[in-house]
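Q: Listed here are the chains, written in short residue letters.
There are 2 protein chains.
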Amino acid sequence: MDTKNLNLDFIYTDWSLIETRFDPEKIHHCETVFTIGNGYLGTRGTFEESYPRATNATILQGVYDDVPIVYTELANCPDWLPLIVIVDGDKFRLDRGEIISYERKLDLRRGVLSRFIRWCSPNGKTVDLQFERFASLADPNVLCLRCQIKPVDFNGLIEVQASINGYPENQGFNHWEVIDQGKYDQNAWLHLRTRGSRINLGMATGLTVIDAEASLQVTNPPGYPTLIAAFQGTSGQAVTVEKMVTIFTSRDVENPIQAAQDKLATLPTYPILLKEQQQAWEEIWDKSDVAVEGDVRAALAIRYNLFQLLISAPANDDKVSIPAKTLSGFGYRGHVFWDTEIFILPFFIYTQPALARNMLTYRYHTLGGARRKAIHYGYKGAMYSWESADTGDEVTPRWLPPNDPYGDDIRIWCRDREIHISADIAYAVWSYWLVTGDDDWMRDCGAEIILDTAVFWGSRVEYNTKYERYEICGVIGADEYHELANNNAFNNRMVQWHLEKAINTQDWLREKYPDKAKELEQKLQLTLSRRLRWQDIIANLWIPYDANTGLIEQSDGFFKLEDINLDDYEPRTKSIQSVLGIEEANKRQVLKQPDVLMLLYLMRESEEFPYSLEVLEKNWDYYAPRTDITYGSSLGPAIHGILASDLGKSEEAYGYFMQAAMVDIEDVRGNAHEGIHGASAGGVWQAVVFGFGGIKLTEDSGPVATPHLPKGWKRLQFKVYWQGDWHEFDLKGESMEAQNTSVTNNPDSSGQTPIKGVIFDLDGVLTDTAEYHYRAWQRLADEEGLVFNREANEELRGVSRRDSLLKIIGTKKYSEEKFQEMMDRKNRYYVESIENISPTDLLPGAMDLLKELRSSGIKVALGSASKNARPVVEKLGIGEYIEVIADGFSVQEPKPAPDLFLFAAQELGLEPGECIVVEDAGAGVEAALAAGMRAVGLGPVERVGEATVVLLSLEGVNWQDLQASLNSLVLHH
Amino acid sequence: MDTKNLNLDFIYTDWSLIETRFDPEKIHHCETVFTIGNGYLGTRGTFEESYPRATNATILQGVYDDVPIVYTELANCPDWLPLIVIVDGDKFRLDRGEIISYERKLDLRRGVLSRFIRWCSPNGKTVDLQFERFASLADPNVLCLRCQIKPVDFNGLIEVQASINGYPENQGFNHWEVIDQGKYDQNAWLHLRTRGSRINLGMATGLTVIDAEASLQVTNPPGYPTLIAAFQGTSGQAVTVEKMVTIFTSRDVENPIQAAQDKLATLPTYPILLKEQQQAWEEIWDKSDVAVEGDVRAALAIRYNLFQLLISAPANDDKVSIPAKTLSGFGYRGHVFWDTEIFILPFFIYTQPALARNMLTYRYHTLGGARRKAIHYGYKGAMYSWESADTGDEVTPRWLPPNDPYGDDIRIWCRDREIHISADIAYAVWSYWLVTGDDDWMRDCGAEIILDTAVFWGSRVEYNTKYERYEICGVIGADEYHELANNNAFNNRMVQWHLEKAINTQDWLREKYPDKAKELEQKLQLTLSRRLRWQDIIANLWIPYDANTGLIEQSDGFFKLEDINLDDYEPRTKSIQSVLGIEEANKRQVLKQPDVLMLLYLMRESEEFPYSLEVLEKNWDYYAPRTDITYGSSLGPAIHGILASDLGKSEEAYGYFMQAAMVDIEDVRGNAHEGIHGASAGGVWQAVVFGFGGIKLTEDSGPVATPHLPKGWKRLQFKVYWQGDWHEFDLKGESMEAQNTSVTNNPDSSGQTPIKGVIFDLDGVLTDTAEYHYRAWQRLADEEGLVFNREANEELRGVSRRDSLLKIIGTKKYSEEKFQEMMDRKNRYYVESIENISPTDLLPGAMDLLKELRSSGIKVALGSASKNARPVVEKLGIGEYIEVIADGFSVQEPKPAPDLFLFAAQELGLEPGECIVVEDAGAGVEAALAAGMRAVGLGPVERVGEATVVLLSLEGVNWQDLQASLNSLVLHH
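Residue numbers (full-length UniProt numbering), protein chains in the order written: chain A, 1 to 973; chain B, 1 to 973.
So here's chain A without its partners, still in its complex pose (with noise of 0.2 Å):
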């Protein structure tokens, strides 16, 4: 299919993508762009009235099931989408009538896809039709439709159909089996189970109809439920219409069908779903977004590939991974290969750790399934599947059928020779390791992945007497056009890497974790001869590299291939070995992707052997021109992006770093229809972070960028997480220098010890129950008859109960007994005015505030006396981004004792010194000072003017100005 010149209708923004017409011709290519997700499941981008031909997909992690030739794929389910509006007897669909308006946008901010038709039915009514979808992500087993329905020029009957089609299929295959379904109230469910693997779905849905009165049906045609509406339409009027759908399975739950039925139930309303949905997109972009300015087509591009890889990513499930066309289409049947780990990781483990962490804890559950593909090849340890599904057993397909009767089987030997797929898994495993710091699950899982991987190369190693060397022979190497392979440079470099990581991590453990080092050295049996054949391997393996002409060769006898010049093909609209065949495209000097460059890029971020910027540059001149980017694999432009930025030639750059980044938007390969290229996807972060953005980990302060920004880029910006801290980055383009505005840890200029905590007190700072614990006492002192008012309330700022209670009473005697009573009525009114608390009761710049600290780095504690703080910060939707609280249980002694204070330093693992306070109390900051910390006074000077620094409230309050004025002078806002 050719359709490099697909004149496509998009517009893009900084956040959406719009289509503004609609062509029957591209739906396949736009179902896969509009796929929409939440990490649970994937929904691509039909249409709720569907089309012809239209291929409906709803794709849930994990629900693989039997199919022949590629064993196991993941199953479609049931589709949520079916929505059928009949306008005055006629339904609503594209391809009759007349569409007078279209427009369709993915809100890449909200993870919202949304539609404007204005249709004129064949009838001649004309209707106005807005619908919008998600699938939440603040609760994966929820998803919502809503379609607002507008009769333009008439009055009529409208009717809505809305069903679950329980007939959902793979390419024609339907994985499951009807088992159940039903009615109550006026919802429906359904129960349908896999044949094979034998996992239960439940589903259930409801329909509300909004601004008019409808009759409401359900019916429940065998494996279709469907609820009817049907209403009076009157012009000019809209009426909405609004789906909920919840889905569950045997994977998530014992009873998925109750499950569903029981979420049904208990379901908010659309717009507080909405708003649900709107936080948690912007809790994942806040660490996850790379903006760009100067460049909007970029700009869009970056944040379309990295929603793809957020809504495929596992949040809740470490036994799936992200398959290589994600959860967007059919392509790959959903398994997983080297993309994940190589491609598409970089950018979980250094903005999403927790979600890197589940994807390569499936590796760690699939070992079982390496270890049998070792056995099954008479090789030792864990041999990982090129392809893998639910049990990492191997599911690559032995043959491609030939459609054609007569037509030759194509053998595929990816399952027997692509093995590099072992060490790449490794590969990530140290990646994530070296960045998060997270020793614990190096301990329990990367470990032995590390190892038996290593245990079973060092039994497919091969010794040549003849050369006195190890060998690997019978490979494919990461270029797929040479299908058997001896030597290959990039599998054999990398077989060494990984056994010399092996003896480290080895070494590490015993150091660290001694049992656990000697639990797995009983149970891989890590013997003292194994470890010296590891160590005889890295040192005799052999690497085809040529230290006088710094050239690779890529294997054994490539230079003496035929060569080729790829130039003489053009112009053309498909692969070198499409237009060569297999057979002659193997002869030839001629690559699929990058290979011994993508052993250099491999070796780039650390520098180890073979790379240096010289032998990248004279590989670089030998293979780029030889290799198949255009066509070959869509792993390629990225890669090419990255290392040819590296080089200097920022041009060429750009153009890879375009290819990879508009292949699925712009169809860039013809086969986008088939899903999103996930490994694309991860590399155009990749090349965004690593290439243009230059960022290197250094071993002392992390990240550290040495940009190369495409011209035209303004403005580059993205955090980046490292061993606990978050690294913000701000580039700018002109200049061409690093802007990093935040990096931290760093001596400030004037030699005052770093800052790497702030203490917020509560009340009066963050949020203002100062007003509601005012209200409390003046109800209780008006019930008592007691003198109080605002201004004796402003005595009570940082003081602790019973101490408030004493200052209010005065003079006053009072049994301890009736003392207590006193002090819990109040606190039981107060306890009952804090439950209507809410984030909006934040005090104005708190939240960027707490943001800002928690991406620079800066630990947050929190200090109050109240002994209600922490359902407090609950309410305020920021315990995320507090790691400590400190509050009237902690200490014996209140403020202005240092005690509090101290304590919340301690738990931070903070000196006092190293922390500064945040309080609005006298009290507070005579406490602050007192524990040595300095302290940020919000207020009057009067009342807080013995701290460091005094402002009037946090509004507008960024944390480098903060730090700035901590170690000069004071602010007043």
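Heads up, a few of these hints could be off.
Note that the list lumps identical chains together, so a pair holds whenever it fits in one copy or between two copies.
[To be verified] Here are the simulated DSBU-like pairs of lysine-lysine, each with C-alpha atoms no more than 35 Å apart in a straight line:
1. K91 x K263
2. K26 x K183
3. K275 x K319
4. K91 x K183
These are computed hints drawn from the structure, not numbers from a lab.
Chain B: place on chain A using the hints.
A: Relative to chain A, chain B alone:
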């Protein structure tokens, strides 16, 4: 699956298979068993309300669609069965509530499947449900389903949902795209299209509720049109719901969607459709029935097997054939094998030659595929595919893919090596021609098949210079346990035989149709050198037959293979190949199915080389004990049964026979769920007719019986067609003697010329239209004031209309104009009155005699003076029994002139002396005798006393007796 000891809850009657208990364990087996159909489609016996894991299927002839590995398959079509009864809120389903009584009956005589259930719902409501369904044989695009619902102990709401399920699947794969659907009046329609082959399918459905006031609603969820009826049920009152479905494809008509709607609109009522169904089946059974007395289990089983073949045979389509598993299941994907030509076709050739011709014409239409296959393998001519579908291209899978990721693919070699199929097809073509004498078809289709496949053999044989002989190496013979055989005796002799017949065919063509001969010689390049080579091959093709021992070696080296004693492996429940593995079975002298014995069977009919009873005996003793007859191929038992019968091993023969006859009903091999064993069913007919009946063709008088009836069989009746005549056999068991009641063409003992034709008068002989004539004359006479009565009417027997009127008017004079008007008027009265003539107007004994004559090969003509003879014959339903109609238009001179009968004899191609006349009028008897024919007079001696034989009527008259009496005495009944 071990199902040998199924405890079947079946009752067998002569014509019905009755299931008395529902067993969920057997649903898939029983779905196959209760398959119904009409040659256009087959529908498995799934339930209207479905059942978990049911495998619904409606399979249409010729509706193939693409699928991987096996290239194409018959697509399962939308299920027309869904009819859900909701009893006071509870959905009727067999796995809920309580089944109080249950009976399912397949009525083979009418092709109707019915089911009665008394069911108590989970809510305690008891209901009687009586389902009935059939696929109309009279109108193959019509499907009828009826359900009678009777509340037993409650009044309450009954809801019926009748759907078409547009999501059918072939073991999970859905071949269809939903294109459109809609409703009109109270009906719904659906338009689907196959994905690959782009066949359009239209269906329409309507629902009628009888005996209740019901609301009726049409809903249209995508792909699942559903009609919903609701009514108030009353205890003890039955309500009937009738669901009619029409179905067309673009293979039948241009616009199948419109055709389905039109057909539905003009459909008669259910009772009329049922009556037509009954009549259509009566006609079929009249030819094809095989009746056994004394063994009801065998009697039912035989009819059952014939029924399953009949419902798969294409009546109106010569581009399809019967697939190995008929239209009853997914086994072998609807592909056509040698099963059809060698096992199934004899039944059709001998009892439904028109259907046989359709199926052989399928092979003619698929010559293109056979030629492409030959080219692909580097041969010439036409090389038929081992598995064939719509185009005739090879669709045998190359590989059996493993389910286990590490299992090995199994290479299937049949497409490459099982080449005997081309000779098998030639064998069937030759048999068809031999039996039917259908020269036209042989000229137009058969010859090209035989000759172009002969061209293939000419290019396929190899010449062995060492032995100076032709050989055929690298084949699979009939026995598929040996996958690589050289000089398989079955294969080589069939090739030799094939080439012999090719030369005969060419000679015949040259003599009889020289133009066609030339055309084919040019088209197929039948050069002299080719013909000489064929003769050379015939003379020198190696057949491994040892004249000394009489033993035939299955293939080169077979006798040197390791021997086997099959008893050593008993008891077992799977094939020896499964027990030993493919390789080990290959190495042993064990056969999957008869091979040398199959050859002997195929040469048995013509007693050609190497067949002789001695050779059979020798080879039986060698090969039968080495054949895996129980779990090898289902093609074996029937053939073994016939040969055992020939060898006088009657009990053994019966055992084999019943193994074949019960293979599906009692699931003897445990795989009946995949569909009917078509070849076995065909073998059952051959075993009864050729084996037990001992039918052989003689050159002069056609089929002759030499029966060996199994013990207990009292009587065996069947018909066979030969060269235009029907031969009816009625064999008695006790005496073990042939009792062919109607051997014809033999001069009888009296020395009289044998009777070859019977000419019947119509009025008063076959029907009582004499009465209608009388009434018409009487009315005319009354209107004109003429004297006329019954007595006077007696004078008009056998008299023309003009002469009759002359007699009536007597002496009166009328103008010619008036006279003509009176004749016309009388005729109008008569024609009006005969409008209502039906088969019930046949006189007693007439039909029996007509049938007997046909099956005895006696030619039949009508000799009636009436100008209305043709319409009367049609209305009487005897058109097919009468070859020639001599009527009032045929000759000038009326009876008693001999002209009419002489004309009839001439048209029959007989001498007058070879004909007899059956007459009820003196003038007729006179005319017969004047024509030189013997006469049978019906009526009083005073009227027909001149006749050779005088009878009162035809009641109770049989041909044997009549023939005898014509040669001796006058009978009076």
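Q: A separate judgement is required for each hint: does it hold in the structure or not?
A: Results for each hint:
1. Taking the shortest Cα distances, K91 and K263 sit within 35 Å of each other both inside one copy (31 Å) and across copies (26 Å).
2. Taking CA atoms no more than 35 Å apart as the test, K26 paired with K183 passes between copies only; the shortest distance there is 31 Å, against 38 Å inside one copy.
3. When the C-alpha separation of K275 and K319 is checked against a cutoff of 35 Å, the pair qualifies only within one copy, where the shortest distance is 30 Å, while the shortest distance between copies is 62 Å.
4. Within a single copy, K91 and K183 get their C-alpha atoms as close as 25 Å, and across copies as close as 12 Å, so both meet the 35 Å cut-off.
Checked against the numbered hints listed earlier, the structure breaks none of them; every hint is satisfied.
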